[in-house]
Amino acid sequence: MIVAEAKPISEILTMVKGLKKVLVLGCKGCVTVCNVGGAKEAGILASSIRIAGRKEGIMVDVGEHTLERQCDPEYIEEVKDIVPSYDAVVSIACGVGPQFLSERYPGAKVFPGVNTKFMGGAVAHGIWSERCAGCGTCVIHYFGGMCPIARCSKSLMNGPCGGSSHGKCEISKDVDCIWDMIVRKAMDQGRLNDLLEFRPPKSWTTARDGGPRRMIREELVK
Amino acid sequence: MSDYKAGSNLEKVLKAGKFAFTGECGPPQGANITKLKEKAAHLKGCVDAVNITDNQTAVVRMSSWAASLTVLQEGVEPNFQMVCRDRNRLAAQSDVLGVYSHGIRNMLCLSGDHQKFGNHPEAKNVFDIDSIQLINVVKTMRDEGKFMNGQEIDVPPKLFIGAASNPFAEPYEFRVFRLAKKIAAGADFIQTQCIYNMVRFRDFMKRVVDMGLHEKCYILAGVTPMKSVGMAQYMAKQVPGMDVPDSLIKRLKGAPKGKAAAEGIKMAVEQIQEFKEMPGVAGVHLMAIEWEHRVREIAELAGMLPRPVV
Chain A
0 MIVAEAKPIS
10 EILTMVKGLK
20 KVLVLGCKGC
30 VTVCNVGGAK
40 EAGILASSIR
50 IAGRKEGIMV
60 DVGEHTLERQ
70 CDPEYIEEVK
80 DIVPSYDAVV
90 SIACGVGPQF
100 LSERYPGAKV
110 FPGVNTKFMG
120 GAVAHGIWSE
130 RCAGCGTCVI
140 HYFGGMCPIA
150 RCSKSLMNGP
160 CGGSSHGKCE
170 ISKDVDCIWD
180 MIVRKAMDQG
190 RLNDLLEFRP
200 PKSWTTARDG
210 GPRRMIREEL
220 VK
Chain B
0 MSDYKAGSNL
10 EKVLKAGKFA
20 FTGECGPPQG
30 ANITKLKEKA
40 AHLKGCVDAV
50 NITDNQTAVV
60 RMSSWAASLT
70 VLQEGVEPNF
80 QMVCRDRNRL
90 AAQSDVLGVY
100 SHGIRNMLCL
110 SGDHQKFGNH
120 PEAKNVFDID
130 SIQLINVVKT
140 MRDEGKFMNG
150 QEIDVPPKLF
160 IGAASNPFAE
170 PYEFRVFRLA
180 KKIAAGADFI
190 QTQCIYNMVR
200 FRDFMKRVVD
210 MGLHEKCYIL
220 AGVTPMKSVG
230 MAQYMAKQVP
240 GMDVPDSLIK
250 RLKGAPKGKA
260 AAEGIKMAVE
270 QIQEFKEMPG
280 VAGVHLMAIE
290 WEHRVREIAE
300 LAGMLPRPVV
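Which chain is which? The protein sequence lines are A and B, in order.
So the first sequence is numbered by numbering that gives the first Met the number 0: it starts at 0 and just counts up by one.
So the second sequence is numbered by numbering that gives the first Met the number 0: it starts at 0 and just counts up by one.
The shape of chain B in the complex, shown without the other chains:
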């Protein structure tokens, strides 16, 4: 018998005590998978697993399970994302069975952005169960071999269960407790929201470590490199729950003309190096939005290559 819960590459890397590195990739807004394959090729060998987003920002894209399969066929391990916005408990459980049967071994459980932000704001949302309940559903399916109704599953799906955490959203005092709830519900690993305020994140991680949460769950720190001053300003002002300090924007502005992107990468690399030393942090989740072709460069500069083979 394997000691692994799911046996995914990501789980093996984390369990071996290696500093994990995950990437992210959005499915296409169409049935054309050429670009998706290109993105997968950029990420291959650079990361341990790649998150495949699920109608992110409530914009219709190819289903996350289908895009996950494409990526898997390209030799990259997917981390299949599922949001509660679009599925009730029947659809959620059946998709869990489906992805497992096709070789997917990681899953990230999310609430999902409200449809108001997306390209179908007239949609009816579902939210039959919330993200923490979803975590527990997937864990129960895996560890007890049972559906939500208690019925036994013929070949339970064994998935390595992930969840998200935003240390910067309000009310701040509750964030570490919400993380604890996710872990208690069954999360094996956590990927945090993009971190820019390192002071506040360090404080958050201190609380995580004091509560011993890092011993129950692997915590991957979220990094999104800034491509431009405009992007930084947008993230600071327009994206709910994002904490972008003025000093960061100032540093980007101070970069020589045409070098803001390079400065953004440099900052991301510095962050990754700091996370490697930060108590309780088990890896980094790099969300290089539409910048998959720069991931290898970032990984190299941050000393993340070659990726461990466990």
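Just chain A, same shape as in the assembly:
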């Protein structure tokens, strides 16, 4: 899933400062799963904005609504009658949501309420970890099913750098050295030879380096 974290409330309050009517828009997709952008969090953020307004002597009219997904025009359409009545929309979906809203409602002010972090998953309750860099050409089968592009701090493709220590990356004791994991798994499986082969430079044409990406599936295009 796409993992996000809430923006500091002070940052959001700066965005909506002086506005009278604000809509907080949640999303039932990934951000609900990572406890940052669902109906519950929309309610909390809406209350925070109301309270902050009251402290300044302003009664801010804060609406709350949560869409099935914000990365789909079909669901974005659902708020077509209410968006125009607000001064601004704070979307707490990932970075896709506020952009789909901005495109569909060109007259609306749309603010991001979360910081979109990465593609990953929960490794323990309350702890999420990155797994995929979205490079567009998956190569994890060469590395025991683990991705050095996303998970090695230097995206090394031919083995661990000299900074690997006690299974951790040189940049932080909180970051696993993925190459340590790749090597150990290969040894456990008796397949170390697989890692001795030279992995040539990767083509980044399918990654963000190739420009903003788009995918077309002809059979689905109406």
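Read the hints as simulated data drawn from the structure, not as lab findings.
Misleading hints may appear alongside valid ones.
[Said to hold, decoys possible] Okay, the calculated bits of chain B under chain A, using three or more residues with CB under 8 Å as the criterion:
| no. | stretch |
| --- | --- |
| 1 | 110-116 |
| 2 | 207-213 |
| 3 | 267-274 |
[As the list claims (entries may be wrong)] DSS-like mimics (lysine-lysine), calculated; alpha carbons at most 30 Å apart, straight line:
| no. | chain 1 | residue 1 | chain 2 | residue 2 |
| --- | --- | --- | --- | --- |
| 4 | A | LYS184 | B | LYS236 |
| 5 | B | LYS14 | B | LYS4 |
| 6 | A | LYS6 | A | LYS184 |
| 7 | A | LYS167 | B | LYS14 |
| 8 | B | LYS145 | A | LYS184 |
| 9 | A | LYS201 | B | LYS145 |
| 10 | B | LYS236 | A | LYS172 |
| 11 | A | LYS201 | B | LYS4 |
| 12 | B | LYS205 | B | LYS145 |
| 13 | B | LYS115 | A | LYS201 |
| 14 | A | LYS167 | B | LYS205 |
| 15 | A | LYS201 | B | LYS138 |
| 16 | A | LYS6 | B | LYS157 |
| 17 | B | LYS226 | A | LYS172 |
| 18 | A | LYS6 | A | LYS16 |
| 19 | B | LYS123 | A | LYS6 |
| 20 | A | LYS201 | B | LYS157 |
| 21 | A | LYS172 | B | LYS265 |
| 22 | B | LYS115 | A | LYS116 |
| 23 | B | LYS226 | A | LYS167 |
| 24 | B | LYS236 | A | LYS167 |
| 25 | A | LYS116 | B | LYS123 |
| 26 | A | LYS201 | B | LYS215 |
| 27 | A | LYS167 | B | LYS249 |
| 28 | A | LYS184 | B | LYS205 |
| 29 | B | LYS145 | A | LYS167 |
| 30 | A | LYS201 | B | LYS123 |
| 31 | A | LYS172 | B | LYS249 |
| 32 | B | LYS226 | B | LYS252 |
| 33 | B | LYS14 | A | LYS172 |
Note that CB positions come from ideal geometry on N, CA and C, so glycine has one too.
Fit chain B to the given chain A structure using the hints.
Here is chain B on its own, set in the frame of chain A:
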């Protein structure tokens, strides 16, 4: 036709079977090259080539190619270092052409310290290619006269290709294989991380020799003399991938007051002498950090002078 791959002094010394001795020098954090020239003067005649570091520890310094040229003009052969952190494949290849056209003949290919450690931690890193891929790029440019895209090069750059190896980083079991990968990718010589744990290094070299890697590539053992007990403790605890045994720290602590640096030099000299006898070791790479003025003394004590002229 010359039998040399690049014809650098370092290559000639190694190929002649002489025990090589290389030094290291960091470019200035500014455009003032006075001190760089002084460092070069200290190293002149003491070593066969001098590594010119490339934004080492991710701290911005004068570009390694520019500092390499300064050193070359001072009559010292540079070993131009390049890290993958700061350059994509276009920049890497164009710098290879550039340095060769100005007379640089050695190059060391490195991944580079993560920018988190440096003075611009907010930077975006590159890592378009990794160090082993870079080795292969430089070899392909030299031996096949081709860029990465297969396009022919008008006058291919002929560089003597170096790489680094850290026998002490984890996972230990893989280190000798990573070295083998670097050699297979095209490394002509290897400079190791600073060695303090001689027992473990001897074991590493035994594996290197058993695999015959020393016959495919020249291996230079890394030495950094300890200046103080504090430095030893810092290296032991703070520097990732460094193996500093307690016995070494104890010996430094045991030195008479004010004599820790002298003891550090003595230890480095003993190491160099041991490396001269160690199977598979073709030379020593002395990283005397901000101690360039002590290199002659170390070289003399270790019997490394005069340097061979090949």
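What's the verdict on LYS226/B and LYS172/A, does the C-alpha distance respect the 30 Å limit or exceed it? Holds - the C-alpha atoms of LYS172/A and LYS226/B are around 28 Å apart, at most 30 Å.
* Given the hint that LYS167/A pairs with LYS14/B, does the C-alpha gap stay at or below 30 Å? -> At roughly 39 Å apart (the allowed maximum being 30 Å), LYS14/B and LYS167/A break the hint.
- Keeping to a limit of 30 Å between CA atoms, is the pair of LYS116/A and LYS123/B held or broken? holds (16 Å)
Per the coverage rule (Cβ-Cβ under 8 Å, at least three residues), is the stretch 207-213 of chain B covered by chain A? violated (count 0)
Please verify whether LYS201/A and LYS138/B have alpha carbons no more than 30 Å apart.
With a Cα-Cα distance of about 18 Å, the restraint between LYS201/A and LYS138/B holds, given a limit of 30 Å.
Do the alpha carbons of LYS145/B and LYS184/A lie within 30 Å of each other, as the hint requires? Answer violated: LYS145/B to LYS184/A is near 37 Å, above 30 Å.
task = Given the hint that LYS14/B pairs with LYS172/A, test it: the Cα-Cα distance must not exceed 30 Å.
result = Not satisfied, since the Cα-Cα distance of roughly 43 Å exceeds 30 Å.
*Are the Cα atoms of LYS6/A and LYS157/B separated by 30 Å or less?*
violated (53 Å)
Taking beta carbons only, do three or more residues of the stretch 110-116 of chain B come closer than 8 Å to chain A? This one holds; 6 residues, not fewer than the three required, reach chain A with a Cβ under 8 Å.
Agreement of LYS167/A and LYS249/B with the hint, judged by alpha carbon distance not exceeding 30 Å
Given that 30 Å is the threshold and the Cα spacing comes to 28 Å, the pair holds.
For the pair supplied as a hint, LYS123/B and LYS6/A, confirm whether the alpha-carbon distance does not exceed 30 Å.
holds (22 Å)
- Item | Given hint LYS123/B paired with LYS201/A - CA-CA distance at most 30 Å | holds (19 Å)
Consistency with the previously given hints fails for numbers 2, 3, 6, 7, 8, 12, 16, 21, 29 and 33, ordered from lowest to highest.
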